[in-house]
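Asker: Below, each chain spelled out in residue letters.
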Amino acid sequence: MGIIIGKNTSIIVQGITGTQGSFHTKLMLEYGTKIVAGVTPGKGGTKVHGIPVYDTVEEAQEKHSANASIIFVPAPFAADAALEALENGIRTMVIITEHIPIKDAINLMVNAKQLKATIIGPNTPGIITPEESKLGIMPAHIFKKGTIGMVSRSGTLTYEIAASLTRKGLGQSTCLGLGGDPITGLNFIDALKMFKEDPQTDAVVLIGEIGGNLEELAAEYILKEKYPKPVVTFIAGRSAPPGKRMGHAGAIVMGKAGTAESKIEAFKKAGVKVAEKPSDVAELLT
Amino acid sequence: MKLFEYEAKNILAKYGIPTPKGGLATSSAQAREVASQIKPPFVVKAQVLVAGRGKAGGILFADTIERVEKVANKLLNMQIKGITVKSVWVEEQIQIKRELYFGITTDRFHQSYVAIASSVGGMEIEEVAQQSPEKVIKFPINPQQGFRSFHARQIARKMGYAGAQLSEIGRIFETLYKIGMDYDAELIEMNPLVETVDGKFVAADARIIIDDNALFRHQEYKKRLLEGESELTPEEIEAIKNDLAYVKLDGNIGVIGNGAGLVMATLDTIQYYGGKPADFLDVGGGAPAEKIATALKIVLSDPKVKTLFINILGGITRCDEVAKGILEAKAKVGVTKPMVIRLVGTNEEEGKRILKDAGIHVLESMEEAAQKAVEISKQGGE
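One line per chain: the protein sequences are A and B, in this order.
As numbered in this note's numbering, residues 1 to 286 make up the first sequence, in order.
As numbered in this note's numbering, residues 1001 to 1382 make up the second sequence, in order.
What the hints contain is simulated information worked out from the structure, not anything from laboratory work.
There are no misleading hints in this set.
Cβ pair distances, simulated, as ranges:
id, chain 1, residue 1, chain 2, residue 2, range
1, B, D1182, A, L83, 15 to 23 Å
2, B, A1358, A, G169, 32 to 40 Å
3, A, K193, B, R1148, 31 to 39 Å
Here are some chain A residues pointing at chain B (derived, C-beta under 7 Å):
id, residue
4, I183
5, G212
6, G237
7, R238
8, M246
9, K277
Think of the CB as a built atom: it goes at the ideal place given N, C-alpha and C, for glycine as much as any other residue.
Just chain A, same shape as in the assembly:
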């Protein structure tokens, strides 16, 4: 089980012929992900790691009817690639690309919402249901099948915490990266709802960071809904000064908004355990 993807999800890789696209296609295939086709305009008719490449998503869909896609297309064209996938029936997609302009992302999300599509990212490591399927770029060996659902706004920090859970014997149901941009397809509440319905998930690890108010809204949701599964959180950026963007386009404290203190306080009020350091997450789960 796990959320969003599973063993039978069939996938198109958009931007499959690029360095990243090709490299991660290989790793995903090795993990057992069912990749059926790739798309790169101008490279139709070729193959990458045995996977047929098409010029358009339309043609790939005529021949393979995939149900998800993963996008490695460069930022100026990535939102268009996602719209192309939407228009051709894809309703689940992971956008790995970072640096997509906000205006383009907003336009994409409104179209996705209308079609009830699920967009993971942009600027995400993707999603992994350990030992079943991986739609992303995360190093697979640090994950292990289990009962902890993970949702995060960042990549390597998720790996850091996932690896420490795995070392302590705490496997994961699904690990989902929302993405480090200000506008992402899914938010923490969406993920919490999905983990609530997932029978494999017993507890949730929520990894937030400074910027925006999605963590505060998640805390409010947990409190109001009396969320039935334990949640442990870590918030990155306690030491970040205001007005400085910490790498992620979304990670910035402006005035009083988006501080780590505000998020930590909201979670504590909702009865959520807050880890002081990444390595403390595992202890708080047990």
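Given the structure of chain A, go ahead and fit chain B onto it with the hints provided.
Answerer: Okay, now just chain B, sitting in the frame of chain A:
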């Protein structure tokens, strides 16, 4: 990318939003020249990209042209929050009846732009929202419709305007939205938007932040950021050119890592153990050796750095490349400061071997490495 007040005001004026008559000056003589072409009394404003400029003494008033020259002289080369004032904006003072706020920013939860309006302008809108939330109007903009003139008029009505004033302020709101979209603004605001004693509206201050990810569509500003005057230090510019995310901080532990979240957590962990980070530097994913070497060079250019903490968790980033980069930097820039290295993940064994052969010790846990770095940073006093 933050635009200077004068840049923002020039854009607003170009689109037909009334702004006070004025001009930019980089010398007191030039300030005098600008003042001689407009009507007294005047206001002279330091052009710096830091918040709280007014409180720091960066906005001064003058009744006469002579006085403008004097205050401009005082402001130019003054330090405001560590930033040197290189230019001033001289403009006519406006006769204020009421100060308003209007801005457009992004709403992450609703995945849309949101218009924010308030009848209390002139202070930080977040503060108004906290103290008197009933005075702040938040209007999420449907991305498919955009912000239409009737939306603008509805907001104007809520703010208590009617008739000709409603039409005029509505036109200004709608125009600001258009500018925001044209310039890929992640924030655009008029604060205050002044209602003058004779019932007109004037944007007395304006702020625009262009979405960094959309700078490729705004080359003239990108050029100014990288080659002209900007809030960035030479190191920060070097970082942008090399696709590194670098933010200078004021501690003494240089930090390099891969991934924004991990680097932020590294800074937090250093602080948790009582140390002070000197910077935030994210090399991103899959950084080759040269990029790692550039990162080291940038961080070490800060003389305050006493030790270097490199925290790598290799996914797409290969530990052997990182190791090679460290040695390359050592050979080229001559790293003499002690380094604490935590290296795990893809090609970890090879990376560790390369460093071990060069006599560099590598740690496995982030906490252990952070403690070690803090310990070194405190040797020989702060």
